[in-house]
Structures are given as structure tokens and as C-alpha cells.
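J.: Here is how the chains run, residue by residue.
Protein chains: 2
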Amino acid sequence: MSSQDHPSGRLIKAPENFISPEGVRTVFAEAKAGRRNFVRGAFAAALAGAAVPSALAQANPVPTEGGDPNILELPAHSKGLGQAVATDGYGKPSKYESNVQRRPSPGLTQTTQASVSFAPLQSLFGIVTPSGLHFERHHQGWWDVDPSKHRLMINGSDDKMLKKPLVFTVDEIMRLPSVSRFHFIECGANTGMEWGNVAVPTCQYTHGMLSCSEFTGVPLKILLDMAGVDYKRGRYVLAEGADGSSMTRTVPMELIESGEVFVAYGQNGEMLRPENGYPLRLVVPGVQGVSWVKYLRRIEVGDQPYGAKDEAVHYIDLMPGGQHRQYSSTQECKSVITTPSGGQVLLDNGFFQISGLAWSGRGKVKRVDISVDGGQNWKTARLQDPVMSKCLTRFSVDWVWDGKPTIVQSRAMDETGYVQPNYKQLRAVRGTRSIYHNNAIQSWLVQESGEVKNVQLS
Amino acid sequence: MSSQDHPSGRLIKAPENFISPEGVRTVFAEAKAGRRNFVRGAFAAALAGAAVPSALAQANPVPTEGGDPNILELPAHSKGLGQAVATDGYGKPSKYESNVQRRPSPGLTQTTQASVSFAPLQSLFGIVTPSGLHFERHHQGWWDVDPSKHRLMINGSDDKMLKKPLVFTVDEIMRLPSVSRFHFIECGANTGMEWGNVAVPTCQYTHGMLSCSEFTGVPLKILLDMAGVDYKRGRYVLAEGADGSSMTRTVPMELIESGEVFVAYGQNGEMLRPENGYPLRLVVPGVQGVSWVKYLRRIEVGDQPYGAKDEAVHYIDLMPGGQHRQYSSTQECKSVITTPSGGQVLLDNGFFQISGLAWSGRGKVKRVDISVDGGQNWKTARLQDPVMSKCLTRFSVDWVWDGKPTIVQSRAMDETGYVQPNYKQLRAVRGTRSIYHNNAIQSWLVQESGEVKNVQLS
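Read top to bottom, the protein sequences are chains A and B. Mapping of the first sequence onto the working numbering: position 167 corresponds to residue 167, and the numbering continues sequentially without gaps. Mapping of the second sequence onto the working numbering: position 163 corresponds to residue 621, and the numbering continues sequentially without gaps.
Please note that the accuracy of each hint is not assured.
To spell it out: a stretch of chain B is covered by chain A in this simulated footprint if at least three of its residues, at any positions, have a beta carbon under 8 Å from a beta carbon of chain A; those stretches are [said to hold, decoys possible]:
(1) 576 to 587
(2) 628 to 637
(3) 830 to 838
(4) 845 to 858
Take a look, some chain B residues computed to stay more than 10 Å from chain A by CB distance [to be verified]:
(5) Thr570
(6) Lys607
(7) Arg783
(8) Asn880
(9) Gln883
(10) Arg888
(11) Gly908
Capping the alpha-carbon separation at 20 Å, the derived lysine to aspartate or glutamate pairs in DMTMM-like fashion look like this [unchecked claim]:
(12) A:Lys95 x B:Asp546
(13) B:Lys690 x B:Asp761
(14) B:Lys550 x A:Asp225
(15) B:Lys537 x A:Asp310
(16) A:Lys95 x B:Glu790
(17) B:Lys550 x A:Asp144
(18) A:Lys79 x B:Glu712
(19) A:Lys92 x B:Asp602
(20) B:Lys607 x A:Asp348
(21) A:Lys160 x A:Asp230
(22) B:Lys537 x A:Asp144
(23) A:Lys79 x B:Asp768
(24) B:Lys553 x A:Asp171
(25) A:Lys404 x A:Asp348
(26) A:Lys160 x A:Asp225
If you are wondering where the hints come from, they were derived from the structure by calculation, not from laboratory data. C-beta atoms are modelled at their ideal positions from N, C-alpha and C, and glycine is treated no differently.
With the hints as extra help, turn the sequences into a complete structure.
T.: Printed below as a string of C-alpha cells:
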């Protein structure tokens, strides 16, 4: 299986057997006798098959080119001068990690500008998504907007909504009191293919329209206060982006009054990336990504929902009776195991850490349970601190794989008591014709070969 | 002042005056009359001087080339197709942020391989340092080590220290139970130039050997347990890197037994960067960066401190009496205001948010006080949640600058009750001949011109 066939990033490779204590002792004793002997001795031990990998490996020696194969040289990095500081004023990942990329799904959309690229969740650790791997969802392509020319306007739908319409430069926004908060962002269409039981191969394609960052910006409430909003009249805002898609979304004033919604300029310590709305983006924690309007240029305060095209026609859910539900914008509690996950290969049985991500648009994750037998038994996973509201939570559990085929699953519960449903439960309510808002339990089949496959339990 | 003279990243630019309510209302009324009139109307308002920036600015129109200068076109990004998804499988910052770089200090060291590059703290937000801007400190240059060939060996200084010496591949490490934790890393020499009152110009050069990441890895205690360490005998470990500098450092077993020290492979969601020790690095929370051994290849368990060259000769503090103190490796409580800071320019008086970073190698930051009058009066700053142990904490406070020269300072206190000293207090104990472990209060002089300058109060 090549990485091109299954762009799943890091495989779980077979560990070589741990070295025997005798092997290490031999090598260690030889090390004391001097570096040259140390290296040769280590190689001899390796040849003997008793000490692979051994101290040889830790020093990573290679045979001298054209010389005696029993005489090893230390690797270049253990004896020479490396590269200078600031080789890159802005650094890059290792060349050995080049397979870890965000990827589009060819054919998923008609154009590459109104499309998606997925984050490689199966290769990520912790909760922070590196900004270079953050998923993308563009409605008319992305732009690198000049921040010195960009403006944010605050106005009312009529003269009574606020006292003083305002226009802010980016620099003006950056002078104001700010907050920095870790939040997940998930596209409402994430895991959408699974409604049709398509079973795309990897976690990147099933759940990769999900990312998590530390965002920094100014609470929208502060800007609205400066404009003198009449909060009795103005119960909704319309957020508008500057890109050609004319993206507009309604946000209820309750979310803004709570102080949770903010106008972000920072993401993971630096300015937002162009693909993520540089220089200004609305952050609406817990709400689907489409409301996190990029290239934010205008906030209009009004007294009713706007019913814009992107909320009246798109991002709605077709229900079993033929009707559809609208404004279902909060992302319900959900989780996914990222290791082991589809496209990965366990090349050995024995101990593994099962690890994954859980999140809820309603607050904090309270508990995650793991099954390694297709849902018959469940075990509570460890949650990594800090567990933050409307943020990814990393969970893990110890597992010893006996080498037999089995199905692994995770089931999250949030602080409201809501429990992530399985497909049977979700479909009983929602049917099978949706695209958006699929938060069902994900099942990964670990096959006897070690290959992990996306399956759906009915 | 060019960015080359003062590579301080983002300046604080003068805000243009907020638009008058009348101007916005005019523009808004014209917008209702149709997009073409909206744009023309906005331009007319701008020409009249009443509405700059205005709705014109939010849409960022530019004069039609060669046409009537009163007829404006919407900017390209508001009417055209942008760039495709996954233009970059691994994305980059905006071209407008190219000044935000890590930078060496020319002449600071004799070679560029045994040197430093500094993180641009003055341009960063929140607590996460983007991995591409993480500071660098190399002792013999950096390498991109092949992870499939790298090994980590655990051995004892004699046969009684542990039962079973082990050698791990990176893949073996990655199967084991892991933790993900946010921690700062600070070079012991950070702010070292200030001992000599050199007053380097920017926050990047005074405090930029400081970064903070979410690290992921396996607690070292787990690896030592697997090797069967005798914790009664083995009270110290020696950590050894695979690069040519033969970097070795002693770590006391108490830190390892607490579960805090871990062998990291992940940083901010992805694998460590080559400059930061890819594929394995020791994370020793609260301890100076030199102990966070990069390219980690060996852990030896012993019964006494090793007194390696990098701890017996380097990273020691010359005291007033001519003696020096060793093993002072915990980074004491410290803070710095990053906005406004040296090299930045306030081009206007009025409201600003003062913002900065505080940290302690002893635990959590408890409080940060800010002075805007050279230390006569202090005001307690807001601390951004979550406040984590041995992690950066972002603080902020509101400030209205009256345009007169003044000195701004921050003073942090940690949960042990320790208070960051001023230079007078620090020098009374430590003298003036040190390089390392300077945690004194930093003073920034805001001049009448708005230019901010590094000064030292005696």
C-alpha cells in the first residue's frame, strides 16, 4: 500500500523487537572501550542478530562507502556541523513529513474554488491544528487581502438599531481589548459522505473538515457597544464577508451578548492565514464553520433572522418526511478515533494507545467511552487536560490487540448530558437523505492483516 | 524607520478617525439604491473627507484603470474567483506578514551553527508560538534526522541501575501512552544582553529565546519503568542528543517521577520541527531549554549528577564574589510587555490594550501587575484562561495614553508567592557579570514621538 493510494499520513509500523539486555550490556561495555570499538562492536552485535536495533542504531552508523563493511562511520549528524540558525526565517516541517498534507477530494465539487480540503487528523497529536494543515472550505476561492485596505463596518438595518455606525481599520481593531481562546471549528458538512454510507477510506476524509486553534480577537460585543446598539431592538446580526461569494450569515444576539463571539485577527499565535479569512474572521464558538465568516467586512444589526441564501437554501437538513430543518447550526457532541483509523496499518499485535478527538458545540466534553468489540463493551477513556468549552478534547485508552479482526469506536458525552448517537439512533430521527450535521459514532474495522477500514454498523 | 533597521514586526499604526454616523448613513442609503451607486457614492463621500475610511474602504474599491477616477470598481477579491483549495498542501502566512520572522543577531556568535535565532514576540498573540517562528538555539547546527533510523536507548551507569536496558524505535515510542501538554521553553541565556545594560532594541532580541507549544510524547517514567529502573539507586539521568555537539544534561529523578518530564515527538499538533529536535526531544517543564535535549538518543540512569560540560562550564552564573553558581536550571518567574515594546511606534495617543506574557518554572502565574509610570503605581492585569503550569500566560490591561513620555513595566508573581525582581533587587544578589538567568522587570520607554525604546531603570 503506497502513501499515494492511501494518503493517510503516518502508518503505525511494526516495532522491531526490543533489544535483549545482554545485547545492550555488550554494546555498553564496548562503548567504554572507546568510540571506534563501540561502533564496530555494535555492528558485530547487530550482525549476530541479538541486538537489532542496538546502540548501533542510536548512533545511526552506516557502512563506510567502499570500505570494510565491519567498519562503521557515525552518521553525518553525529559528527559534523549542521545547518545554520534562521536557515528559514519561517520554518518548515521535516522532509520526512511531506505526506502530512491537507488534501482535496478529487471530484467532490465541480470547481476547485468552491471546494474543500481536509485536515490530516490521523497524523495529528494533541488538540492544536497547525495552521498550515487547517482544513479549507471556500465558496469562491481564497484571497490574500491587503490588511491596510481592509475595513470592518458596523451598521444597523435601520436608524434605530444603533446610535453611531462605525468603520474600523484592522489596526483600530487591534488596539482594543482582546481575548485568546482555543476553539474547534467544524464544517456543517463534515462526515457528510457517511449519510450515504460511502465509507471514504480515511479519517482525513470522514472527519477532516475539523480543526482547532487558539484564536485571538476582540469580542463583537465591544464593537457593538461602541456603536451604541439598542439590544432590545437588535436581536440578530448579519455577518458579511468581503470575498466574491457574498457570504452572509445570521448570528443571534444572545451568542454575542454572552461575550463568546469575537472578531479574530490571530490564530495560533500569528495573524490568520489567508485561507482562513485574513485579516479578520468572525469566531462563533460551537457553531458550524460557515458562520465563522471569513474576510469579515460588515456586521449589520437587525431585529429578525436574515434568511440569507447560505442559511435558507444551504446547510439545511432534509428530514424523513420530506421537510427540512433550518438554522440547526450548533455542532452537536461528536468524537472520532484517529489512531487506529482508516488507511492505517497495524503491522503487529500487542500494545497500542487508542487516541482520538471529542468535541461539543454545547460546552465541555464530559466523558468519552471506547469499545474495541463493535459496541458490546465500553471503557471510559482518559481526557487530556485542559478540557475547554467548545474546543477539541484529546482522549486516549490503552489497548492490547490480540491480532483478531475487531471494530473500534468512540462515544462522547458533553456537559449537558447529551450522548453521541450511533447510526441507528441518528437515522431513526433524521433519515438518510441529509448532507449536514452527522455526528454519529464512527466505526473502524481492524482487519487481521492489520489494515484499518471504514465500516458502518447499521 | 525601516523594517530592516528595526525588525520588530507589526507596528501599531495610527488609526484613522472613526467615520461620522452621517457619513455611514449616506453611504448606506446609497447602497440601497444599487451597487453601482453605492460604490460611486462611497467614493464621493470619501472625497468629501467625511467618510474616510467608509463603506468604500470595506469593499476596498480602486479607480478603474484609465477610466473616470470617480467610477470605482470593487476590488478583485469581492467579485472574482480566488485561489483553489489545497493551493498549498501545507499553507503559509500571508505575504503581508513576511516581516514576522525569527531572526539571528548578527555578530552575537562566532558561527551561525552554534547560535541563536529569536522569536518575534512583539508580533505574536495568545500563548502558542507558531512552530515556524519558534526560537532556535543550536550548539552544532540543526539536522533533519531520518526517523526510521533514529533510536532511543535507555541504559544504566552500571548493571544495578535497571533490570533491562532497552532501545526504542520512534514507532515504538509512538505506540505507548502519551500526554499532550502546553509548556514554555526558555533559553537560560534569554535576556542575557541586559546584564550588560546593552539595551538591544526590540522585545524579539531581549526576550525572544522564549516559545510555547503543545508538546506530545511519552512520560519518561513509563520508559524507565519498562526498563525496570531501581529508583532507590537511580536518582539522576543523563540525557544525550544525537547531534555533533554531544549535548548532555543531568535531570534529577524527582522531576521524572512526578510524571512531568516526557519524550516528545509532537509539537503543536504535528511532529517536532527539525530545528527543535525532530524526531525526539526531551521536555523538562520549567527547566531552561538546554536540558530539553534535541535529537534525543540516550537516557542513562545514574546515582549522581553527571557534571557534563554543558552544566559544569556553561549555563552557570558568575556571582559578585567571583564564585559561580551551578545547576540553577529552573527558570524563575518572569514577564514582559510585548505591546507596546521596543521598536514599535504608537502613532497616536488614546486607548491601547497593553499586552504581554508571564511565566514561571515553578508552576502557575498567579498575578501580573502593570505600571505605566515607571514603577510608581501598579494595576493588576487580566490573565487569559487557561492559566497552565510552566506555560506562558497572556496578560492584558486597558490603557489610555495621554501622549506624554512614560515607562511601562510588568511584574509577575507565581503560585509560590515569588515576585519578579527589578534590576536593583536582582543585582544586589547576583551582581552584573552574569549571562544567564536574568528575570528582571523589563522597562519600555514610550517617547513623545510614540517610538518605544528599551531602557533600564537602576
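J.: Confirm or reject each hint.
T.: Right, here's what the structure says about each hint:
1. Taking a C-beta to C-beta cut-off of 8 Å, the region 576 to 587 of chain B contributes 7 residues in contact with chain A, enough for the three needed, and the coverage statement holds.
2. A stretch counts as covered by a chain when three or more of its residues have a beta carbon under 8 Å from one of that chain; for the region 628 to 637 of chain B and chain A the count is 8, and the coverage holds.
3. Coverage of the region 830 to 838 of chain B by chain A is violated in this model, with 0 residues showing a Cβ closer than 8 Å to a Cβ of that chain against a need of three.
4. A count of 4 residues in the region 845 to 858 of chain B with a Cβ less than 8 Å from any Cβ of chain A is obtained; the coverage claim is therefore met, three being the minimum.
5. Consistency note on B:Thr570: stated as away from chain A, yet its beta-carbon is not over 10 Å from all of that chain's, at 3 Å minimum.
6. With 10 Å as the threshold on Cβ separation, the claim that B:Lys607 sits away from chain A is violated: the shortest Cβ distance comes to roughly 5 Å.
7. Against chain A, the non-interface label of B:Arg783 holds: every CB pair exceeds 10 Å, the least being about 28 Å.
8. No Cβ of chain A approaches the Cβ of B:Asn880 within 10 Å, the least distance being about 27 Å, so the stated non-interface status holds.
9. Non-interface call for B:Gln883 relative to chain A: holds, since the shortest CB-CB distance, roughly 31 Å, exceeds 10 Å.
10. The Cβ of B:Arg888 lies farther than 10 Å from every Cβ of chain A, with a closest approach of about 28 Å, so its non-interface assignment holds.
11. At roughly 13 Å, the least C-beta separation between B:Gly908 and chain A is larger than 10 Å, which holds for a residue marked as non-interface.
12. Pair hint A:Lys95 plus B:Asp546 holds up; C-alpha atoms about 15 Å apart against a cutoff of 20 Å.
13. Between B:Lys690 and B:Asp761 the alpha-carbon distance is near 9 Å, which keeps this suggested pair within the 20 Å criterion.
14. As the CA atoms of B:Lys550 and A:Asp225 are separated by approximately 35 Å, the hinted pair breaks the 20 Å bound.
15. With a C-alpha separation of about 17 Å, the suggested pairing of B:Lys537 with A:Asp310 holds against the 20 Å cut-off.
16. For the proposed pair A:Lys95 and B:Glu790, the alpha carbon gap of about 36 Å is over 20 Å, so the pair is violated.
17. Restraint check: the Cα-Cα separation between B:Lys550 and A:Asp144 comes to about 11 Å, which is no more than 20 Å; the hinted pair holds.
18. This hinted pair does not check out: A:Lys79 and B:Glu712 have alpha carbons roughly 33 Å apart, beyond 20 Å.
19. As the CA atoms of A:Lys92 and B:Asp602 are separated by approximately 11 Å, the hinted pair is consistent with the 20 Å bound.
20. Of the pairs offered as hints, the one joining B:Lys607 and A:Asp348 holds, with about 19 Å between alpha carbons and a cut-off of 20 Å not exceeded.
21. Taking the CA atoms of A:Lys160 and A:Asp230, the gap is near 8 Å; set against the 20 Å cutoff, the hint holds.
22. Distance check on the hinted pair: B:Lys537 and A:Asp144 sit about 14 Å apart at the alpha-carbon level, within 20 Å; holds.
23. Distance restraint check for A:Lys79 and B:Asp768: the Cα-Cα separation of roughly 17 Å lies within the 20 Å cut-off, and the hinted pair is therefore satisfied.
24. Proposed proximity of B:Lys553 and A:Asp171 is supported: the alpha carbons are some 17 Å apart, at most 20 Å.
25. With a C-alpha separation of about 11 Å, the suggested pair A:Lys404 and A:Asp348 falls inside the 20 Å cut-off, and the hint holds.
26. Distance restraint check for A:Lys160 and A:Asp225: the Cα-Cα separation of roughly 14 Å lies within the 20 Å cut-off, and the hinted pair is therefore satisfied.
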